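Asker: We have chain A; now place chain B onto it with these hints.
2 protein chains.
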Amino acid sequence: MYGSIELGGTKIRCAVFSEDGKIEEETRIETDKPYDNVKEIGKFFKTKEIKSLGVGAFGPLDTNKNSQTYGFVKNTPKKYWTNFDIRGELKKAVKVDLDFTSDVAASLIGEYYLGAGKKYRSALYITVGTGIGASYIQDGNILDGFGAPEMGHIKVDRIKGDKVKSVCQYHDDCLEGLASGPSIYNRTLCSGESLDISDQAFSYVATYLAQGLATYSYILRPEVIIMGGGVLNKEGMLDLVKTEFDRIKEFQINNYLDLPDTDYYIVLPDLGNEAGLYGGYLMAKNISEN
Amino acid sequence: MYGSIELGGTKIRCAVFSEDGKIEEETRIETDKPYDNVKEIGKFFKTKEIKSLGVGAFGPLDTNKNSQTYGFVKNTPKKYWTNFDIRGELKKAVKVDLDFTSDVAASLIGEYYLGAGKKYRSALYITVGTGIGASYIQDGNILDGFGAPEMGHIKVDRIKGDKVKSVCQYHDDCLEGLASGPSIYNRTLCSGESLDISDQAFSYVATYLAQGLATYSYILRPEVIIMGGGVLNKEGMLDLVKTEFDRIKEFQINNYLDLPDTDYYIVLPDLGNEAGLYGGYLMAKNISEN
Numbered sequence: 000m001y002g003s004i005e006l007g008g009t010k011i012r013c014a015v016f017s018e019d020g021k022i023e024e025e026t027r028i029e030t031d032k033p034y035d036n037v038k039e040i041g042k043f044f045k046t047k048e049i050k051s052l053g054v055g056a057f058g059p060l061d062t063n064k065n066s067q068t069y070g071f072v073k074n075t076p077k078k079y080w081t082n083f084d085i086r087g088e089l090k091k092a093v094k095v096d097l098d099f100t101s102d103v104a105a106s107l108i109g110e111y112y113l114g115a116g117k118k119y120r121s122a123l124y125i126t127v128g129t130g131i132g133a134s135y136i137q138d139g140n141i142l143d144g145f146g147a148p149e150m151g152h153i154k155v156d157r158i159k160g161d162k163v164k165s166v167c168q169y170h171d172d173c174l175e176g177l178a179s180g181p182s183i184y185n186r187t188l189c190s191g192e193s194l195d196i197s198d199q200a201f202s203y204v205a206t207y208l209a210q211g212l213a214t215y216s217y218i219l220r221p222e223v224i225i226m227g228g229g230v231l232n233k234e235g236m237l238d239l240v241k242t243e244f245d246r247i248k249e250f251q252i253n254n255y256l257d258l259p260d261t262d263y264y265i266v267l268p269d270l271g272n273e274a275g276l277y278g279g280y281l282m283a284k285n286i287s288e289n
Numbered sequence: 000m001y002g003s004i005e006l007g008g009t010k011i012r013c014a015v016f017s018e019d020g021k022i023e024e025e026t027r028i029e030t031d032k033p034y035d036n037v038k039e040i041g042k043f044f045k046t047k048e049i050k051s052l053g054v055g056a057f058g059p060l061d062t063n064k065n066s067q068t069y070g071f072v073k074n075t076p077k078k079y080w081t082n083f084d085i086r087g088e089l090k091k092a093v094k095v096d097l098d099f100t101s102d103v104a105a106s107l108i109g110e111y112y113l114g115a116g117k118k119y120r121s122a123l124y125i126t127v128g129t130g131i132g133a134s135y136i137q138d139g140n141i142l143d144g145f146g147a148p149e150m151g152h153i154k155v156d157r158i159k160g161d162k163v164k165s166v167c168q169y170h171d172d173c174l175e176g177l178a179s180g181p182s183i184y185n186r187t188l189c190s191g192e193s194l195d196i197s198d199q200a201f202s203y204v205a206t207y208l209a210q211g212l213a214t215y216s217y218i219l220r221p222e223v224i225i226m227g228g229g230v231l232n233k234e235g236m237l238d239l240v241k242t243e244f245d246r247i248k249e250f251q252i253n254n255y256l257d258l259p260d261t262d263y264y265i266v267l268p269d270l271g272n273e274a275g276l277y278g279g280y281l282m283a284k285n286i287s288e289n
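So the sequence lines, in the order shown, correspond to chains A and B.
With numbering that gives the first Met the number 0 applied, the first sequence covers 0 to 289.
With numbering that gives the first Met the number 0 applied, the second sequence covers 0 to 289.
It cannot be assumed that every hint is accurate.
Identical copies look the same in the list; a pair holds intra-copy or inter-copy alike.
Straight line, CA to CA, 30 Å or less: simulated DSS-like cross-link-like pairs of lysine-lysine [claimed, not checked]: (1) Lys77 x Lys91; (2) Lys64 x Lys117; (3) Lys162 x Lys64; (4) Lys118 x Lys73; (5) Lys117 x Lys159.
Honestly, the hints are just simulated from the structure, not real lab data.
All values reported here derive from a predicted model rather than from experimental measurement.
One chain only, chain A, in its complex shape (with noise of 0.2 Å):
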């Protein structure tokens, strides 16, 4: 059996997965502060007999492993995390080894490896909810350099029109600022939910994210991008990105990019809302084959 955490900004899953990659408990915690949240988990973990541990964290997370705060959560907006040393406390609590990664990366390493991504050699996940996040592998390598990348906040081009408040607190312009979730409720002081998709505000979203599709595309080249996360739950929403993604091909990018047909290149995940948990699975599966 072996262990798999998702931790989230506002929950925790915890599950057992069989040897074979099934799901045979879950249990889901509030997040809270970090020591009380910790004490939880080992709790659940405690008469599971797993041989060790994937987890998926919110961040920013330092994975650089020769850094002295290697696995520790770096400055976040979220109360209590920062500086707190995941890596280091849920191995007290949990007593087996474990290896940890982003949550968008943990949601990546699902989808390549048993979903949306499976076919190919190099995948780009994105997703877009609170705020936004992607993550890129090539050949089982994570992008990760100097740390995870943070490719939600590249620049974009303001629409003419589009007069919102970033929602990014750091840049008037970025994508994260202009197409995550909150932006829709500053567009419209509506859910998204509640909104028809022809709204404007979905139309904008959409723009942006097809730019920064563009701009991923030229530096990773990914052969596939699948897109999750809050935003892209909404009916019709992926449509809206592909259409705006292949006017951005035809009349920007010129066709100049042998992109592959826009429907296999932009896709949404298989395994929708359990890609992290599933990723969790295979990072600790990877550490007890090894």
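Answerer: Just chain B now, with coordinates in the frame of chain A:
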């Protein structure tokens, strides 16, 4: 002994390296018709008793091992070379095992193992000359998921007042179109060598390059960025780029990325014009040792 080839759009350099990485002999050939060039290359290496060969070539190249046209030059404005099977024809002519990659990736390999990148886990190499190309490496793995990246073609923000026509035939506002060598001539009708570094053309170029480096930093997060190519040979050019990058770092990135000091982050190549040849040598040696 190992063979190394730097196959550029205007000249081809062939070198013979000793086991311990010294250049023993070198020749230069003008790039012309591919079959004639390959014959000359074969003749040069015929008497050299090399164990294997590493090649860095202009492109775009098909670097996908599963492709029917693996090792071919793809669509190129370079006369006669489109669809030429560089890998296959060189193998026939030189009769040793060979490995090949793009010219910029070969330079990156040289710098990563023997030059300005050798202290780092990850590095980005960008060459600014007739065109702009870049290549990224992490833990020894070159980024080339779906083929070589096309990082030079990302969109940049045109500076108000810069009316130059883009020199890229595909894009009006891409980095290569506004910041490669020919853009300097197009703005001034002078060669870069004859101009003072205070000329506004260099300031424009530096600003666009700094914009590009910011985008690469968000997405790739390399530990070091090595800048080569003709435009960087201009005395004072690197300093201009660093000054512009510092400005963007403070006022647009808003110090969000935990970047190293710019003097360590943005550097010139250590191996100068030999980086590509050293890269070819390392690739050749790697074949023989594996």
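Asker: Against each hint, give a clear statement of whether it holds in the structure.
Answerer: Verification of the supplied hints:
1. For the identical chains of this complex, Lys77 and Lys91 are intra-copy neighbours only, at 23 Å inside a copy versus 61 Å across copies, given an alpha-carbon limit of 30 Å.
2. With identical chains, the CA atoms of Lys64 and Lys117 are at most 30 Å apart both within one copy (28 Å) and between copies (18 Å).
3. Within a single copy, Lys162 and Lys64 get their C-alpha atoms no closer than 42 Å, and across copies no closer than 47 Å, so neither meets the 30 Å cut-off.
4. Within a single copy, Lys118 and Lys73 get their C-alpha atoms only as close as 35 Å, which misses the 30 Å cut-off; across copies the closest is 24 Å, which meets it.
5. In this homomeric assembly, Lys117 and Lys159 never come within 30 Å of each other (Cα to Cα): the closest approach is 39 Å inside a single copy and 45 Å across copies.
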